[in-house]
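Now for the letters of each chain:
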Amino acid sequence: MKRLDFIKISEWVDSETKVLDLGCADGTLLKFLKQQKNINGYGIEIDPSNIEKGIKNKINIIQMNLEDGLSVFNDQFFDTVILSQTLQAMVNIDKIMDEMKRVGKNIIVSFPNFGFWKNRFQILNGKMPKSTDLPHEWYNTPNIHLCTIKDFEDLCAKKGLAITNQLFLTDNHPIKYFSNLRGSLGIFQLTQ
Amino acid sequence: MSRSVGIVKSKIFHCKDELSLTCGQSLKEFELVYETYGKLNSKKNNAILIPHALSGNHHVAGKYHKADKYPGWWDNMVGPGKPIDTNQYFVIGVNNIGGNDGSTSAKSINPKTKKIWGSAFPIVTVQDWVSSQKKLIEHLGIDKLYAIVGGSLGGMQAIQWSIAYPSSVKKILCIAAAPSLTAQNIAFNEIARQAILQDEDFFKGDFYQQNTKPKKGLRIARMLGHITYLSNDAMDKKFGRKLIQGKYNYNFQKNYEIESYLNYQGDKFASSFDANTYLRMTKALDYFDLEKIYKKKLSKVCSKIKADYLVISFTSDWRFPPARSKEIVTALLDNNINVSYAEIKAETGHDAFLLHNDHYHQLISNYLRSRT
Chain R
23 MKRLDFIKIS
33 EWVDSETKVL
43 DLGCADGTLL
53 KFLKQQKNIN
63 GYGIEIDPSN
73 IEKGIKNKIN
83 IIQMNLEDGL
93 SVFNDQFFDT
103 VILSQTLQAM
113 VNIDKIMDEM
123 KRVGKNIIVS
133 FPNFGFWKNR
143 FQILNGKMPK
153 STDLPHEWYN
163 TPNIHLCTIK
173 DFEDLCAKKG
183 LAITNQLFLT
193 DNHPIKYFSN
203 LRGSLGIFQL
213 TQ
Chain X
11 MSRSVGIVKS
21 KIFHCKDELS
31 LTCGQSLKEF
41 ELVYETYGKL
51 NSKKNNAILI
61 PHALSGNHHV
71 AGKYHKADKY
81 PGWWDNMVGP
91 GKPIDTNQYF
101 VIGVNNIGGN
111 DGSTSAKSIN
121 PKTKKIWGSA
131 FPIVTVQDWV
141 SSQKKLIEHL
151 GIDKLYAIVG
161 GSLGGMQAIQ
171 WSIAYPSSVK
181 KILCIAAAPS
191 LTAQNIAFNE
201 IARQAILQDE
211 DFFKGDFYQQ
221 NTKPKKGLRI
231 ARMLGHITYL
241 SNDAMDKKFG
251 RKLIQGKYNY
261 NFQKNYEIES
271 YLNYQGDKFA
281 SSFDANTYLR
291 MTKALDYFDL
301 EKIYKKKLSK
311 VCSKIKADYL
321 VISFTSDWRF
331 PPARSKEIVT
341 ALLDNNINVS
351 YAEIKAETGH
361 DAFLLHNDHY
371 HQLISNYLRS
381 RT
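Residue numbers (our numbering), protein chains in the order written: chain R, 23 to 214; chain X, 11 to 382.
Think of the hints as simulated: they come from the structure by calculation, not from any bench.
Mixed in with the good hints there might be a few duds.
Said to hold, decoys possible - Label-pair distances were calculated between CB atoms; the ranges are:
| id | chain 1 | residue 1 | chain 2 | residue 2 | range |
| --- | --- | --- | --- | --- | --- |
| 1 | X | 307 | R | 157 | 55 to 63 angstroms |
| 2 | R | 69 | X | 307 | 27 to 35 angstroms |
| 3 | X | 263 | R | 90 | 25 to 33 angstroms |
| 4 | R | 177 | X | 275 | 39 to 47 angstroms |
As the list claims (entries may be wrong) - Below, a list of computed lysine-lysine pairs in the DSBU-like style, where the Cα atoms sit at most 35 angstroms apart:
| id | chain 1 | residue 1 | chain 2 | residue 2 |
| --- | --- | --- | --- | --- |
| 5 | R | 80 | X | 26 |
| 6 | X | 336 | R | 75 |
| 7 | R | 53 | R | 140 |
| 8 | X | 54 | R | 75 |
| 9 | R | 59 | X | 49 |
| 10 | X | 293 | R | 78 |
| 11 | R | 53 | X | 180 |
| 12 | X | 125 | R | 127 |
| 13 | X | 180 | R | 40 |
| 14 | R | 80 | X | 225 |
| 15 | R | 56 | X | 180 |
| 16 | R | 24 | X | 180 |
| 17 | R | 117 | X | 355 |
| 18 | R | 80 | X | 79 |
| 19 | R | 40 | X | 49 |
| 20 | X | 225 | R | 56 |
| 21 | R | 117 | X | 54 |
| 22 | R | 80 | X | 336 |
| 23 | R | 59 | X | 154 |
| 24 | X | 19 | R | 56 |
| 25 | R | 56 | X | 154 |
| 26 | R | 80 | X | 117 |
| 27 | X | 248 | R | 80 |
| 28 | R | 127 | X | 49 |
| 29 | X | 125 | R | 80 |
| 30 | X | 307 | R | 75 |
| 31 | X | 154 | R | 30 |
Idealized CB from N, CA, C, for every residue including glycine.
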């Protein structure tokens, strides 16, 4: 199955530009962007086994804790900075948003929408939500800062980031209307 | 399954070309002792050079005789089916000029005077080693090395290679290294040197003629070195406060196991290592400073580099800590060079680069196999 979020993200990345993927896991997205857009990509990752896989995937992968900031990179070093489904697992979201603004021009963020109707429904039923985009149990989830699409839009406004593009997916299908209710995954393209 | 490279034999490369040294002197000709493992393919594009660190040599893997107690110093890394796989790569180990194990050094005969060089042997630098290694690579008919894998001082040589000969190496694996030493590092080296220089058996470097060796100085130098190669935690775990005989002696004999270990290591080293080599190796470390060599900021120095890089550091290494490796990563990033960086969780300090660790070995193996 082709991941629609990756395909959409690649549409927002220019060919042969410099791309940073924060929390790049095994480098699948960077590998895809390299194939599609011939980008000069770097990924940041903390998990040792992902570092091994990233190297196997022939991407540039740098082991660092995102929470410590991006001090190895100069201001406006990248054309695009991507935070793909990592935001919700971070402690200091304020700081990473500022750092993304500092090192990149084109900012792409994707995250699971806590306001998705299936999540709301499970809470109404008295249970913590689980779904394709939120697969963990409440007690072992790495996701500590879940938000809704509306919440994220508020944060962007507060951070002075303009939303240039947005897209919502549920089970790999695009959602056009009532996205905060019907969209399971939100993808935003932001600029300063 | 991984195996040993088996029984190996060292060779000698006699270079008739004059080698100009950084210090201003030159060597009219020189010899390098080296070993190779695996086969050079017909395209000659599978060669990997392994420069050694402070006390290392050309004997990277295998044994000279079946009865040898120990194999080469990086035998866990190099061999058939090992991370640096000799079924695929042609691996070259070389003893540096000034080194302890047969290459032209203070122990050699000075062709001018027909006497042992001794104290007159020049101070050599990382740049000098790299230019002499380049001659060896040319002698072996190799235009471009597939990779250079170096740890510690070996990592510094790997970096220098990629700057001095950017088109002659494809991949650099720079492990537990730094773009220069810190004041603390130089301070440790100075204590080690002073221990040797003040030993009455040193004779200002001309002890060979006196049929003696400055063993006392070398012992202290090595004991000090060992403390800095290990982490506090590793030492605590291995030795703790364990007593040799379970009780205090109330004298100055060895009481703790750590004392016994350090003395054993010191004795072993002092009987086999050359004092002039130790002095020169530490000087080469001190003098390595990319910004000073090239009179530019590190990121400008790295602008010449064409090789891809894998930089590796170890969390508990306080002699070449992760922050120093990150300086290298930052400078490479500034030049859009392909670079990956791994900070390996290890409690064994600087020594970790020589020890077996599955994750570490997998990284090296994956990196060498990628981008072929």
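CA of residue 53 of chain R to CA of residue 140 of chain R, is that 35 angstroms or under?
-> 32 angstroms, holds
Restraint status (C-alpha distance of residue 117 of chain R to residue 355 of chain X at most 35 angstroms) | 26 angstroms, holds
Restraint status (C-alpha distance of residue 125 of chain X to residue 80 of chain R at most 35 angstroms) | 54 angstroms, violated
Would you check the hint for residue 56 of chain R and residue 180 of chain X, treating anything up to 35 angstroms between C-alpha atoms as holding?
-> At roughly 20 angstroms apart (the allowed maximum being 35 angstroms), residue 180 of chain X and residue 56 of chain R satisfy the hint.
Evaluate the given range 39 to 47 angstroms for the C-beta pair formed by residue 177 of chain R and residue 275 of chain X.
-> 57 angstroms, violated
Given the hint that residue 127 of chain R pairs with residue 49 of chain X, does the C-alpha gap stay at or below 35 angstroms?
-> Violated - the C-alpha atoms of residue 49 of chain X and residue 127 of chain R are around 49 angstroms apart, more than 35 angstroms.
Would you check the hint for residue 336 of chain X and residue 75 of chain R, treating anything up to 35 angstroms between C-alpha atoms as holding?
-> Holds, because 21 angstroms separates the two Cα atoms, which is no more than 35 angstroms.
Is it true that the CA of residue 307 of chain X sits at most 35 angstroms from the CA of residue 75 of chain R?
-> The given pair, whose Cα atoms are some 33 angstroms apart, holds under the 35 angstroms limit.
Measure nothing beyond the straight line between the CA atoms of residue 125 of chain X and residue 127 of chain R; if it is 35 angstroms or shorter, mark the hint as holding.
-> 67 angstroms, violated
Satisfaction of hint between residue 26 of chain X and residue 80 of chain R, Cα-Cα up to 35 angstroms | 42 angstroms, violated
Proposed proximity, residue 49 of chain X with residue 59 of chain R (alpha carbon, max 35 angstroms) = Distance ~38 angstroms between residue 59 of chain R and residue 49 of chain X Cα, so the pair is violated.
Are residue 307 of chain X and residue 157 of chain R spaced within 55 to 63 angstroms by their CB atoms?
-> 47 angstroms, violated
When held up to the earlier numbered hints, the structure conflicts with 1, 3, 4, 5, 9, 10, 12, 14, 18, 19, 20, 21, 24, 26, 27, 28, 29, 31 and fits the remainder.
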